[in-house]
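Let's have the full structure, built from the sequences with the hints guiding it.
There are 2 protein chains.
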Amino acid sequence: MENELIRYFRQRVPAHRLVELGLGDDAAVLRLGEARYVLTVDLLSDHVDFELAEVDPRRVGRKLLAVNLSDIAAMAARPLAAVIALLLPRAGGLQLAKSLYEGLLPLAEEYDLAIAGGDTNSWDGPLAASVTILGQTTERGPLTRSGARPGDQILVTGSFGGSILGKHLDFQPRVREALWLHQHYQLHAGIDCSDGLALDLARLAEESGCGAAIDLAAVPVAEDAYRLAKQLADGSTPLQHALADGEDFELILAVPPQEASRILADQPLPVPIHRIGQFIEMPGLWEQEPQGKLRPLAPTGWVHRL
Amino acid sequence: MENELIRYFRQRVPAHRLVELGLGDDAAVLRLGEARYVLTVDLLSDHVDFELAEVDPRRVGRKLLAVNLSDIAAMAARPLAAVIALLLPRAGGLQLAKSLYEGLLPLAEEYDLAIAGGDTNSWDGPLAASVTILGQTTERGPLTRSGARPGDQILVTGSFGGSILGKHLDFQPRVREALWLHQHYQLHAGIDCSDGLALDLARLAEESGCGAAIDLAAVPVAEDAYRLAKQLADGSTPLQHALADGEDFELILAVPPQEASRILADQPLPVPIHRIGQFIEMPGLWEQEPQGKLRPLAPTGWVHRL
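The listed protein sequences derive, respectively, from chains S and Z.
Residue numbers for the first sequence follow this note's numbering, so the first one is 4 and each next one is one higher.
Residue numbers for the second sequence follow this note's numbering, so the first one is 4 and each next one is one higher.
Everything labelled a hint here was simulated from the structure, so no lab data went into it.
Warning: the hint list may mix true and false statements.
You can't tell identical chains apart in this list, so a pair holds if it fits in one copy or across any two.
[Unchecked claim] List time: in silico EDC-like cross-link candidates among lysine to aspartate or glutamate, alpha-carbon distance up to 16 Å:
id, residue 1, residue 2
1, K101, E5
2, K296, E284
3, K101, E7
4, K296, D218
Here it is as structure tokens:
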């Protein structure tokens, strides 16, 4: 199980004077000289993170980079440079590599991200690709998963669910949004929603040593969650998709109450911000019922099984 | 072909003010504030870079990191921090991940390298793993592939050939050796031998806009090159293996004549340094015959076919 591996890492990987924050957040935080940098890697593969046979490879290339930019956004850091490693199927590998780059280069340019280097290999297996991004924190420091406190409000950007219908490829990483909010408001903690709203929120709460109570009626459910529930016709509801689907790559933030009110009133981003609940003392993930009662809520989402 | 992809990258990937040296060297050189950093990634996979069924996975884990450290060595930089992404086969993935880490952690500690983070996934394919290392150049700047000049001597550490018999897994990346030489002597250019002595030397010469002439009798042939030639009994000679096998992960250096003489007299490293020829004006790779004549030499080695 993934959790066992994380426990192993935490026990076995030694602390290091350069590492201010290591395994367990969206990116590592390194202190180099006077500055603090973030470093994050993602390794995506065909049939797991996309179906190359079914989509334009340029969209896949874009996703390779966007997923990583979303980790940088979760730390409210500025992206600086990326290195990209491709493991290409032998048949058509050269054209595939070019198409992936055609998809990711415009996104790199949009975020002023340097594509600094890479490694390209071919093999008999399907496409796998890793992107590593080096970023720099702002003068306000990194936004981590561990700063939420009971009473903080849970704010989210955008809407959730049904990303498999397209958003998982074409989403906009919330880099500028996170930087703006981090600069203009006091944020306590943040994470990007990659594996599912419920699961990623539970992770943020756990890292912060508290719990989270969601007002389910307040969860912004994406239109694609409705479409998907209808298409599947398997009894799943749009709300369940919003809680569990993942790959929305929206921000989940812990914000002190007064700041949360300001943000909600200001709505300073090109994407809506919603309040979906609050952090509480009691560990775990909960549904906040209208009468104030709490009911346990499953941290549904995409769990990597090992 | 790999060369076509490199041409594509050079045409298509835009320059960036942070990137002093991009695609085409062993690592990218980034200028961040007052300091210069190097960033490099390698993506290794089962059946291409190792045979997981035939070796202790700890040796594979060690190799994942060592290959990358060798790129840092080629730049004569100091390794700082690494992030590691694993794509694990589903069956036994958890135990495999732990074994890989058991193999790489001692090497990280030996080089004071922080393991700062990672990404772990599983899939139905074989093991693939990417390691990214961030390093820092010394006050003497990075050692690049492009500084060799006609008249420079070709110096190499260690010996070459037959690495498939074991050295390709258990080699010592020449990080300390490169730092020492770069600090105490004037070096013009360097590369690590990953794909083959002849091929990597030809690459260095090409990046420097000159040629290289090898005195074949002076090439230090590893004992394993003799063993391998004997085992294969296919007519290949130990010298051919030394020129073409690759994965020796030794340093190939361009050094001005007087400095080269000093290094050869001093022999300041725990590994022998040999002179195997010199850089010349005429582009290409050449065999320097005893009478002074030049004969074309094939840049043999491991070419990634795309």
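Consistency of the hints with the structure:
In the homo-oligomer, the alpha carbons of K101 and E5 lie at most 16 Å apart only across protomers (12 Å), although the nearest pairing inside one protomer, at 33 Å, exceeds that limit. In this assembly of identical chains, the alpha carbons of K296 and E284 lie at most 16 Å apart only when taken from the same copy (14 Å versus 82 Å across copies). For the identical chains of this complex, K101 and E7 are inter-copy neighbours only, at 10 Å across copies versus 38 Å inside a copy, given an alpha-carbon limit of 16 Å. When the C-alpha separation of K296 and D218 is checked against a cutoff of 16 Å, the pair qualifies only within one copy, where the shortest distance is 11 Å, while the shortest distance between copies is 83 Å.
When held up to the earlier numbered hints, the structure conflicts with none and fits them all.
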